Amino acid sequence: MRARAVLVAAVFALGCAAKPHPVPPQYQPVASVLEVVATLRRHLPDDTYRFQPGLDFTGRNIYRASLIRLESIESVHADSLRAGNLDDVLAYSKGRALERLRAYDLAAESHRAAAERDGPLREEARKAASLNEGLAEAIQLGYDPDRPLRNGAQPAPAPVDANAAIAEYDRRLALLDALGDEANGTFLDPVVKEEVERTDVTRAQYFVARRNLDPDGNVRALAELQRVMTRHRESKNANRHMLALADLYAAMAEEYVMARPPESLLFDPPAFQELVDAASQLYEAVANQDGTPEKLEAARRLEAFLAFTLRVDRDRFSPQ
Amino acid sequence: MIASRLNSALALAAFAAIAVACGTPAGVSKEAPLAPLEGRVAYLPDDTDHAARALAEAALGTDDTAARAQLAAFETTERLRTATGDPPSGLVAYGRNLVDSMTNDPIVYRRATTILLEDDQIDPALRKQLEMEVADDPLLLADKRIWEGRRTRIARDVNALSEALGRSLLNFIFLPIRVAQAVINVAVAEHLDDPISVQQRQALAHWKQYVESHPETPEAHELIARIDDLQQRWFDTKRRRSVRAAEQALDHDQNALALLLADRALRYAPGDKTATRLRDEAAARLARQQADLEQSLASTSGPLPDANNFEAHQLMVALLAAGDVPAMSDALLAADPTGPLADGARFSHANALGEAGQESAMWDALAELAGDDRATHPMARHASALVESPMQNPWEAFEAAEGGDTRKAAGFIALGPLAGGARDRDLPRSVEWLLEAPTLMPVLGGIPWRLVQSAVAPPEAKAPARAAARYLNRYPNGEHAAVMRAWLVEHDSREEHWVRAHATASEIPTMPSDELAELAEKAASQSLEQAGKQKRRDIRLAILQSIAERYPGTESGRRASDALHAEIAEATEQQIRISRGYLIENPVVAGASGLGLRPALIDGDKHNGELHPLGVTLIGGRVLEIATLPASGDEDDEPELVRQTVSVERLSRTVSLLEETSSRNALLDPLAEQGSDARRDFFFERARLGVADSPDIRPTAESTYAFVAMREKYNMVRSRESILPVEIVISGSLPDFGLGAFPRLRTPRETPDAVLFK
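Sequence order for the protein chains is A and B. With my numbering applied, the first sequence covers 1 to 320. With my numbering applied, the second sequence covers 1 to 758.
In short, the hints are calculated from the structure, not lab data. Treat the hints with care, as some may be off.
[Claimed, not checked] Here are the computed lysine to aspartate or glutamate pairs in the DMTMM-like style, where the Cα-Cα straight-line distance is at most 20 angstroms: (1) K127/A / E109/A; (2) K535/B / D315/A; (3) K193/A / D46/A; (4) K713/B / E585/B; (5) K535/B / E284/A; (6) K533/B / D277/A; (7) K533/B / E521/B; (8) K535/B / D277/A; (9) K238/B / E222/B; (10) K758/B / E303/A.
Keep in mind it's a predicted model, so treat the numbers as computed, not measured.
Okay, chain A solo, but in the shape it has when bound (with noise of 0.2 angstroms):
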């Protein structure tokens, strides 16, 4: 009798347990190492300095998550894979997601055990894990705030003389020149393409950053913007790079109405006139672009620049 009620107690709960949310067919587990890396080799040689880096059917970035897709195959399937059929290949594969993840010296690394092995692979392995150990050591150059620490590494002062900042920063250049020639025509073409832009945008943002210390350094700043701008117009980030320089203009309006009220004296017309002219005009030419991201901010923020600009009296400014 107690069984019976013990069995029938049992049955109760396990139907009053939770049932698992049962998993879609669209986000099974992945079956095959071939799955991951036929997906992955589709997107090798795309221009991801163009354009914007694939995306997998969960919309995800498509080499991290090939990447992850390859660590849990070889964290589950780890007995099956110890006769090493695979190793070149998974080794690879992870290396040419590395890569363009910027985890250059991991791809280095990944490279270099691919290589190991004999085979095809070999050769492009060895090339591949030359050039990310080049990309590695170049990104090193240069001040970086942003830049991951190295083991042990202590975070850089940022440069006192400009003209020393510049030479750190042409010499990365120079590396990463070198090194777009070696990558010409292999998959790595547009990864140094990107670290070339990442590297332009990183001076720039120096010299945004030190604005208020130097007499020009306003000057300088909106220079090395446009720079930006102007050497990089085929890249994906060219509406970001537009919608930095507006940022900037835009923020040199609001600190010259507040080191000159538009009521006093010192408040020159022409001269925030020229501010926001400048702000407006490119947060405009981003917000004209259909079908970018870019054109929500930018049409939010003209919005809000323009709700700024009310605060000046219109005998002291007056929109076009």
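We have chain A already, so just place chain B on it with the hints.
Coordinates of chain B only, in the frame set by chain A:
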């Protein structure tokens, strides 16, 4: 006989004189257009001046008793002045206002000003200004906004019913339907109304301002409860909006947004049941999504089919090391055509076709793979992601967008405003459709009209154009590149985007040269038009230069080049124009105290020289450009231009009088208001200070402002806003053949600051 000869001679002489006079219709004056500046004679101040000075001196201090004493003294002087027969100075009201303004309490000031306004002798401009100051009372403004809010709401409801009745005057058959529809619409509008209107929010801001500045007044104590009530309604509005947006976000599967909005609603109304339900639902959905995503990154625990598969390894090496992928994938497929790796082989093969330039074959193969059952064919999801990606597959996106546009157009023709479904009225969907039922007949009746509308002015195909541009950007030499370019040229030509059309056409090697030349001409002409609209000189010049360089062989390109050179040669620092009409309407500006224009130039007599309608232009520094009628006397002909440098004093007097006169005109008649222009004001400021000599050549310092007469602005008839609260509207409707006339209540205009409350 002699007499007769004399008469003949006189007649001849007279005829000759008349003929000469008729032959030269206008005289071009040889005299300088500006009279010499009149020197100011030494002025001996009288008692009124002394008393006014003493009053001003006292008012600038802090002792209002002393100031009132001086005001009393001034008023005595004024009485003595009028008693002796001198005209009133007109300064008494100004003096009283000056003393009234010494108080720091705006309430006291407004009360004093209200009393001052009872005086009939106040200068009209001062009266207007004082009336505005009295009206700038937060309590009055709040009451006014509350009243406007009520009136707007009542007008909306009454007008809806009035229109329903009025449009059925000629045909009573539809009367019950229209009235019922109007009643429903009013009920729905009331349902959709926020708990607080924009006007009430404006009132709330005024009340808050009043309570903050006068916390101790009895009115402030009374306002607290009203402020609390409106504030609560404002929070309720925010809650309601957030809940509604969260519901819509959930409907569109935007779960993260729904969660954010539901959380926001809960901040305004903690514990709100609907918001809590929405938040829980959104959170649960997000958790499920997250779990699904995590699963998709994991690996199956079953056997790994390619761990020891030779063909699979060979294929992967070929994929990664630029090997013979088609051969390797075929080998894998041949080894196990229905095995777990077969789809991987098909996927790899398809992509290899694409890399070999067989774009269509690749997408066909991927599309076939994408159609497989995802439960048994994992590669189907990867193929599907590629096929459906507008970035990866812009050709498919282009075709889909074109199809979408066609369906949209068909839907619009068939269902008009209901093409997108019943309008959202924050009601259950079935009820929303039920409310649309009365509109079905008129909607169907409008099909012929919408057919015509779509044929005459079809909507722009923006989405296909974006996809086409994206295709060319990604695959400039792709299989469909030629088709895309041809489509874009046609589309941009239809939309009259000539610059883009020409740029795309230039990339088509087979484009006939005459068509390309025609597009270049149109592109140059359109750019030239744009340059003309550009107000900033530097940008205008840059556009002109670009036109001249980009379209050198076109007529418009040559015109741009000419315009560029002319503008550089004739550029002036300023272009602030005072029209002849303005000078005639405001003779004080033209007269000896201002410009000092010779009276003959604006006396209407062309024979003694006359100002051209363009008038006088301040072109920078102390230089004026005076436009007079040419010898032909025709106002449409190019004027004779004379440049004259004036003294610092004359320039200073002129700009001061211009500002003073314009400001006074605007006070007396709002239609006379001259718009704001900071560049003009900046130049005037420099002119008044006597530093306009040093040119400011920055493009942002140039003003092209024109002071024009009321008649030039509004022609002969100035539109005045009716003071009647009701207007009669005659309305016709094609879709339901309705025609009628009905009275409509005017709704109060929103105040300029309403934008800050939306």
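Cross-check of the supplied hints:
1. A distance of roughly 12 angstroms separates the Cα atoms of K127/A and E109/A; the hinted pair therefore holds under the 20 angstroms criterion.
2. Restraint check: the Cα-Cα separation between K535/B and D315/A comes to about 18 angstroms, which is no more than 20 angstroms; the hinted pair holds.
3. With a C-alpha separation of about 13 angstroms, the suggested pair K193/A and D46/A falls inside the 20 angstroms cut-off, and the hint holds.
4. For a cut-off of 20 angstroms, the pair hint linking K713/B to E585/B stands: about 12 angstroms separates their Cα positions.
5. Of the supplied pair hints, the one linking K535/B and E284/A holds, its CA atoms being roughly 17 angstroms apart against a limit of 20 angstroms.
6. Distance check on the hinted pair: K533/B and D277/A sit about 15 angstroms apart at the alpha-carbon level, within 20 angstroms; holds.
7. Note on K533/B and E521/B: the hinted pairing holds, with a Cα-Cα distance of about 19 angstroms set against a maximum of 20 angstroms.
8. For a cut-off of 20 angstroms, the pair hint linking K535/B to D277/A stands: about 11 angstroms separates their Cα positions.
9. The suggested pairing of K238/B with E222/B is violated, with an alpha-carbon distance near 26 angstroms, which exceeds 20 angstroms.
10. For the proposed pair K758/B and E303/A, the alpha carbon gap of about 13 angstroms is at most 20 angstroms, so the pair holds.
Checked against the numbered hints listed earlier, the structure breaks hint 9 alone; every other hint is satisfied.
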